[in-house]
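From just these sequences and the hints, can you work out the full model?
Note that the protein sequences, when read in sequence, are chains U and D.
Under our numbering, the first residue of the first sequence carries the number 8, and numbering increases by one thereafter.
Under our numbering, the first residue of the second sequence carries the number 8, and numbering increases by one thereafter.
The hints are simulated quantities; they were obtained by calculation from the structure and are not laboratory data.
Quantities reported herein were computed from a predicted structural model and do not represent experimental measurements.
Wrong hints could be hidden among the right ones.
Since copy identity is lost for identical chains, a pair holds within one copy or between any two.
Keeping only pairs whose Cα atoms sit at most 25 Å apart, straight-line, the calculated DMTMM-like set for lysine to aspartate or glutamate is [claimed, not checked]:
(1) Lys-50 to Asp-119
(2) Lys-110 to Asp-52
(3) Lys-100 to Asp-79
(4) Lys-110 to Glu-125
(5) Lys-50 to Glu-125
(6) Lys-110 to Glu-36
(7) Lys-50 to Glu-36
(8) Lys-45 to Glu-60
(9) Lys-110 to Glu-60
(10) Lys-100 to Asp-81
(11) Lys-50 to Glu-60
(12) Lys-133 to Asp-76
(13) Lys-45 to Asp-76
(14) Lys-50 to Asp-79
(15) Lys-45 to Asp-81
(16) Lys-133 to Glu-123
2 protein chains.
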Amino acid sequence: MTIDRRTMLSVTAAATMLPSAALGAKGTEMYGMLGRMKAVPGKRDELLALLLESSAGMPGCLSYIVAKDATDSDAIWITEAWDSKEHHDASLKLPQVQAAIAKARPLIAGFDSRAETEPVGGIGLKS
Amino acid sequence: MTIDRRTMLSVTAAATMLPSAALGAKGTEMYGMLGRMKAVPGKRDELLALLLESSAGMPGCLSYIVAKDATDSDAIWITEAWDSKEHHDASLKLPQVQAAIAKARPLIAGFDSRAETEPVGGIGLKS
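Given below as C-alpha cells:
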C-alpha cells in the first residue's frame with residue numbers, strides 16, 4: 008500500500024504540531040477496515056500469530072481483532088477501528104508492522120471481501 | 008432469527024447450573040460474527056442509533072462495533088466478538104434487544120456478506 012505525499016504531510020503535521028486529541032477524537036471521525044485474508048494452506052495459525060504479535064502498541068488503534076473464518080480453514084478475518092485514517096496509515100510504517108509484513112508475505116495466498124468503514128460506536132472500542 | 012430447542016436448553020443449563028467462567032473464557036472458545044445490513048434508503052442513522060442503544064449491557068459481549076460503509080450510504084457493518092456462542096444466542100432474548108429488533112425491522116432492507124468467526128485475539132476485546 009502506498010501513502011501519497013499529501014497524506015504523509017498531514018501525518019507529520021498532526022504528529023508534530025497538534026495535540027493528539029485533534030487527530031480525531033473517538034466518535035467524531037473514526038476510520039475502520041475489515042477484510043478476509045487467505046493463508047497458504049496449513050499456514051493460518053502461523054499467520055494469526057504474526058498478526059497478533061505486530062498489533063500491540065499501535066497509536067490510535069481502538070480495535071484490531073483477528074479471527075478464524077468458521078467455515079474456511081485457510082481464512083482469517085481482520086476487523087479494525089482507528090481514531091483517524093491518518094493513524095491507520097501511519098501504523099503501516101511502524102517497525103513491528105513492517106517486520107510482520109515481511110514475515111507474513113510468504114504465508115498469504117490472497118485477500119477478499121475488503122471494506123472500508125466509518126465506525127460509529129459500540130462495545131469494546133479502546134479509550 | 009430462530010433459536011432451536013437444543014440451543015435454548017444449553018443456554019438455560021449454562022445460565023442456571025454452571026459458574027459463568029465455564030461459559031467460555033476469553034481466549035478459549037470465543038464466537039464472532041460480522042455482516043453488512045442495508046437500511047431502507049434514508050434510514051441508516053436511525054438504524055445505527057437503535058443498534059447502539061440496544062447493545063449496552065449484553066453479558067459475554069467482548070466487542071460489538073457498528074460502522075457506516077464508506078462507499079454505500081445505506082449500508083452498515085456490524086462486527087461482534089463474544090466469550091461464547093451461548094452468550095451470543097442468549098443476547099437475542101434480552102428485553103432491550105427484543106425491543107430494538109421490533110423497532111428496527113421496518114428500517115432494514117436486507118443483509119449481505121455475513122460470516123461466522125472464531126476470534127483469536129487482538130486489541131479492544133473487553134475484559
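Is the C-alpha distance from Lys-110 to Asp-52 at most 25 Å within one copy, between copies, in both cases, or in neither? Only inside one copy: Lys-110 and Asp-52 sit 14 Å apart there, 41 Å across copies, limit 25 Å.
Pop the pair Lys-50 and Glu-125 into one bin, within, between, both or neither, using alpha-carbon distances up to 25 Å. between (31 Å within a copy, 16 Å between copies)
How would you classify Lys-100 and Asp-79 at a CA-CA limit of 25 Å: within, between, both, or neither? neither (31 Å within a copy, 29 Å between copies)
How would you label the pair Lys-133, Glu-123 (within, between, both, or neither) given a Cα cut-off of 25 Å? Answer is both; intra-copy 19 Å and inter-copy 23 Å each pass.
At most 25 Å between CA atoms: does that hold for Lys-50 and Glu-60 within a copy, between copies, both, or neither? For Lys-50 and Glu-60, the Cα distance is within 25 Å only inside one copy (16 Å; across copies 40 Å).
25 Å Cα threshold - placement of Asp-76 relative to Lys-45: both (10 Å within a copy, 22 Å between copies)
Is it within, between, both or neither when you check Lys-110 against Glu-125 at 25 Å Cα-Cα? Between copies only: 23 Å across chains, 30 Å inside a chain, cut-off 25 Å.
Give the relationship of Lys-45 and Glu-60 under a CA distance limit of 25 Å: within one copy only, between copies only, both, or neither. Classified as within; 18 Å inside a copy, 35 Å across copies.
With 25 Å as the alpha-carbon cut-off, assign the pair Lys-110 and Glu-60 to within, between, both or neither. within (12 Å within a copy, 42 Å between copies)
Up to 25 Å between alpha-carbons, please classify Lys-50 paired with Asp-119: within, between, both or neither. within (17 Å within a copy, 28 Å between copies)
Same-copy or cross-copy closeness of Lys-133 to Asp-76 [CA-CA at most 25 Å]: both (24 Å within a copy, 21 Å between copies)
Please sort Lys-100 with Asp-81 into within, between, both or neither, judging by C-alpha distance up to 25 Å. Intra 27 Å, inter 33 Å, cutoff 25 Å: neither.
Violated hints, listed in ascending order, are 3, 6 and 10; each of the other numbered hints is respected by the structure.
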